[in-house]
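K.L.:
For the protein sequence lines, the chains are A and B, in the order given. Going by the working numbering, the first residue of the first sequence is number 1, and it counts up by one from there. Going by the working numbering, the first residue of the second sequence is number 1, and it counts up by one from there.
Hints should not be assumed to be uniformly reliable.
Remember, identical chains collapse to one label, so a pair may be satisfied in a single copy or spanning two.
[To be verified] Listed below are the simulated SDA-like cross-link pairs for lysine to any residue, each with C-alpha atoms no more than 25 angstroms apart in a straight line: (1) K49 <-> V170; (2) K167 <-> R27; (3) K167 <-> P149; (4) K49 <-> G66.
Just so you know, these hints were derived from the structure itself, not from any lab.
2 protein chains.
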Amino acid sequence: MVSASSLQVSIRRFEPADWPQLWPLLRATFETGDTYAYAPDSREADVRKIWTEAPAATFVACGADGHVVGTYFIKANQPGLGSHVCNCGYVVARAAQGRGIAAAMCEHSQREAVAMDFRAMQFNLVVSTNERAVRLWQRLGFTVIGTLPRAFHHRRLGYVDALVFYKELVT
Amino acid sequence: MVSASSLQVSIRRFEPADWPQLWPLLRATFETGDTYAYAPDSREADVRKIWTEAPAATFVACGADGHVVGTYFIKANQPGLGSHVCNCGYVVARAAQGRGIAAAMCEHSQREAVAMDFRAMQFNLVVSTNERAVRLWQRLGFTVIGTLPRAFHHRRLGYVDALVFYKELVT
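Same shape as in the complex, but just chain A (with noise of 0.2 angstroms):
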């Protein structure tokens, strides 16, 4: 259990049973085209697949009634000789957002990456004007390595920069 600012939530594997909460929660995510890369107008099949097949592991996070407030996923970000460094998507519901869930996740991302042998985590495109996910990265040792000028075409905004952040967890 994670203490959460009086949110209390249990994080464990993503199991087949739990797709049809995850499924709103992610597709609302995608929808506002100002976080995610995935198309806003993606389709279930093809989001199950990104999120809970392709993954080397999905995760939810629970309240304390068992529902679903959060996931994320995690991934080799390179084949084979890049295979070491991994990424990790983490979607929070909308109604639970501010309480500490994603920093939750990636804590808990984090000492799962370990375990699963991977030495540092890479994320490749968070949206520059997704300050909230800027500075929780920042505040939790994720550096910025670098600037993709216009790298994310925001829905509202037009083309925005892209960050890529990356943390060693392994020296």
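Put chain B on the given structure of chain A with help from the hints.
P.N.:
Only chain B this time, still in chain A's reference frame:
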């Protein structure tokens, strides 16, 4: 036809009949484990998929006798809202290196990228010890946007830094 220091190469779309020439060239490159993340012992079927099926397009550079001396692919680097940035991978036959073939292919790929409506080109994992590549991408107008510490597991040197290169093609 592109003139390249006494070697004339023509660059055209890959055709399935090229594969028997392409595979030894790619295998020899990946085997060294010093430039690409693809596992040094990658299987032929996997490499064929990665290089000729998954990308948006694959090209070959042929010498005057029609023999394949180089190849590159082009694909979107991210889905949906990041899909206006492309990624390319280039390989030149060892015996044909140092004659400007990589430069000719990269210039060709930038024109193709614009024709395919990409707005920028990104290289995600350029091995820092691959000095020839680092110099070449800089000469061709790419910028190092950042350094990923120990992100590449060099077969001979162990963990070495990797660079992210980026070039806007349309501004």
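K.L.:
Output the numbers, in ascending order, of every earlier hint that fails for this structure.
P.N.:
Numbers 1 and 2 - these are the hints that the structure violates, sorted from lowest upward.
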